[in-house]
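Residues per chain are reported as follows:
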Amino acid sequence: MNLIFRAGIVFVFCLSAVQAQEQLEDVAIDSTKQQTHLRFHFDLGAGVAPQAAGDNFIANGYDLTTSFDLAATFEYNYLTFHLNFTRYKGDVTDPTVTGNYTSTRFSRSSLGIGYPWKVSNRFTINPSIHYGEIRLKSNLIGTEELKDNGQFIGVGLKMIYEFTDWFSLYAGMSGYQDFLRIKTPSAIQKSFDRALLIVPVIGLRFSSSKTSRKKGEKGDGIFTRRDGL
Amino acid sequence: MKDSYFILFLIVLSSCEPDLVEDNRRTIVEVKITDSEQEALPNINVAYGVSEREIFIQDGDQINQRFQAVLGQDISNTSGDVSFISLVAKPQFNTQLIIINAESPFFNLVENPTYEKIIYKLNDAVDGSIRLPETTLRKKATVGFSIERLSAANTTLFYDLSFKRTTTVVDFSSGERLEDDRSFGELTPTIASDSRTLQIPQGTSLLLTYSIFNGQELLEQGSEEYLINESTENFEFNF
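For the protein sequence lines, the chains are A and B, in the order given.
Just so you know, we're using this note's numbering here: the first sequence kicks off at 1 and counts up by one.
Just so you know, we're using this note's numbering here: the second sequence kicks off at 1 and counts up by one.
Simulated from the structure, these hints should not be mistaken for lab results.
It is possible that part of the hints are untrue.
To be verified - Pulled a few chain B residues facing chain A out of the computed Cβ check, cut under 8 Å:
#  : residue
1  : L20
2  : V21
3  : D23
4  : N24
5  : R25
6  : R26
7  : T27
8  : I28
9  : A69
10 : G72
11 : Q73
12 : I85
13 : S86
14 : S129
Note that beta-carbon positions come from the ideal geometry of N, C-alpha and C, so glycine has one too.
If we strip away everything but chain A, and leave its shape as in the complex, we get (with noise of 0.2 Å):
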């Protein structure tokens, strides 16, 4: 249901993600001041061997899978709007410091900024910045679920090779720093407040085509960053 949920929100994301790019085109074509590059892409991708650290209970008590991950990155004038969705699962390997279940699903959804830094034609290095809200689901017995959540502030930075203009493979790391609102007695607070994880990733980018114009540019006058810059 939140799997449902999420996909419907990526794809009113999409939605308007174009319908502004029209727009957007539109005022460009009239500026005779603006220069807009817009465009818009959609990554899936795998989170590969998570790693928690630190002294927490998920560095302590999981052992975490690789992460199924959807991301819809709007790029406009050089900076880059991310909405990620990121799911896991963490099978607990000591339930005396989590509590007696056996395993969890994490769940990550979040909204980023990031700069794209074109290196060649083909090649571009985009860090970004990332915060967001943690859902953490245990299950105890039959139906019963333990719900944890908080907050996080995530960095990540792709790789990203472009193949074709709709086209490109990515690689790269994402680490989140968590800030749970598990509480707890306060011996023990300090292994529930924070949680890092440090995540490399890899994937697959699907991207309209690109869309820049100039002072004074109409009609016709579409030209691709990478002929015009």
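Once you have looked at the hints, place chain B on chain A.
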């Protein structure tokens, strides 16, 4: 259409499942376990669980019901210390139990059969950590007790046996212990003997209280106390 109602019924039913645990909460449970010589007792499991219903001990020291959920568990180390993080039960679950030397195949809890079982009963919602007092587990003894009739056949013996259980319930707040048990019996003129096998903690005693009647006439009454010091004991009472 009926199928729709049935599915709706199932959805409503499933939404009525009780939530046992508090979200975004954890606590810590700590206890030190020793034996009767005050030596650290390793490899004893401790489990914190919840139940919707009240608990009582049945004959044979069996707990009347299973845990609905075990929120935390661990095994004592070589120093006899146990310390584990646990989930926190919602306040409406007024039967919260911490069992020392618990047994539950469903939750993979295997008791040490040599030692007794202590159950701490928590009536209030957990606020803060749960630190139990140092807990001493006594060894269990298997006690055979038999009564033989040597006197005239017309007599009737009424007796009861008082002893400590090998499962003790302790109220966590007040420290009050529920550990005594009694076993009643009667030997009518047609019965020549009786025997029982009991599980009793070592270091305690078995108290026999009896009355011998001839019809309505009381011939004798008294008591005998038997000390339980070994893992297997056999006592006989003749009248």
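Okay, the hints, checked on the actual structure:
1. For B/L20, the interface hint holds, the least distance from its beta-carbon to any beta-carbon of chain A being 6 Å, beneath 8 Å.
2. Contact between B/V21 and chain A, as hinted, is supported at the beta carbon level, the nearest pair being about 5 Å apart and thus within 8 Å.
3. For B/D23, the interface hint holds, since its Cβ comes within 8 Å of a Cβ in chain A; the closest pair sits about 4 Å apart.
4. A least Cβ separation of about 5 Å between B/N24 and chain A falls short of the 8 Å threshold, and the interface hint therefore holds.
5. Interface restraint check: B/R25 against chain A, minimum CB-CB distance 6 Å, threshold 8 Å, status holds.
6. Taking 8 Å as the C-beta cut-off, the interface hint given for B/R26 holds, the closest approach to chain A being about 4 Å.
7. The restraint placing B/T27 at the interface with chain A holds, with a minimum CB-CB distance near 6 Å, inside the 8 Å limit.
8. Taken as an interface hint, B/I28 checks out: its beta carbon lies about 5 Å from the nearest beta carbon of chain A, inside 8 Å.
9. Below 8 Å, beta-carbon pairs count as interface contacts, and B/A69 has one with chain A at about 5 Å; its hint therefore holds.
10. Interface restraint check for B/G72: the shortest CB-CB distance to chain A comes to about 5 Å, inside 8 Å, so the restraint holds.
11. With its C-beta approaching chain A no nearer than about 6 Å, B/Q73 sits inside the 8 Å limit, and its interface hint holds.
12. The interface hint given for B/I85 is met, as the beta carbon of that residue sits about 5 Å from the closest beta carbon of chain A, less than 8 Å.
13. Checking B/S86 against chain A: minimum C-beta separation of about 6 Å stays under 8 Å; hint holds.
14. A cut of 8 Å between beta carbons decides the hint on B/S129: the least distance to chain A is about 4 Å, and the hint holds.
Hint compliance for this structure: every hint is met.
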